[in-house]
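Residue 44 in the working numbering is what sits at position 44 of the sequence shown, and the numbering runs on without skipping anything.
Note that these hints are calculated values from the structure, not bench results.
The beta carbon of each residue, even a glycine, is placed where N, CA and C say it ideally should be.
Hints are supplied without guarantee of correctness; some may be wrong.
Unchecked claim - Computed Cβ-Cβ distance ranges for the label pairs, DEER-style: (1) L49 - V72: 27 to 37 Å; (2) K54 - K3: 57 to 67 Å; (3) I77 - E53: 37 to 47 Å; (4) S73 - Y37: 37 to 47 Å; (5) S28 - E76: 41 to 51 Å.
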Amino acid sequence: MRKLIDLDETTLTKLKFISIFENSSVKSLIENAVKSYVKDKELERLKKLTDEEKEDIGMLMFMQEADRTEFVSREEIMKILKP
């Protein structure tokens with residue numbers, strides 16, 4: 001996905017110097033910076049979650065991995081849930 005961002009000249013110049021020292025492109029540096037920022041924010045948010053919220057997110061992630069073409073009847077689920 002392509003998104004345009006505006007940078008001031010000072011920041012852009014600094015990025016160009018860093019890209020030379022890192023032997024990388026400015027685009028690559030920006031992409032890595034954004035990925036790192038998003039990851040840090042996700043971890044920061046996860047640390048603030050209650051145990052119940054963590055369980056909910058875990059269940060949501062687990063459900064997203066499920067095979068949606070497979071069907072299980074209500075009776076089968078109730079059998080499994082009965083102690």
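Range hint 37 to 47 Å (beta carbons of S73 and Y37) holds or violated: For S73 and Y37 the Cβ distance comes to about 46 Å; the hint holds.
Distance restraint evaluation - I77, E53, Cβ atoms, bounds 37 to 47 Å: At 25 Å between Cβs, range violated.
Assessment of proposed distance window 41 to 51 Å (beta carbons of S28, E76): Given a distance of about 50 Å, which is inside 41 to 51 Å, the answer is holds.
Supplied distance hint 57 to 67 Å, evaluated on CB atoms of K54 and K3: Roughly 31 Å apart at Cβ, these two residues miss the hinted range, so it is violated.
L49 versus V72 beta-carbon gap, inside 27 to 37 Å or not: The hinted range 27 to 37 Å holds for L49 and V72, with Cβ atoms some 29 Å apart.
The structure does not agree with the numbered hints 2, 3 stated previously, though it agrees with the rest.
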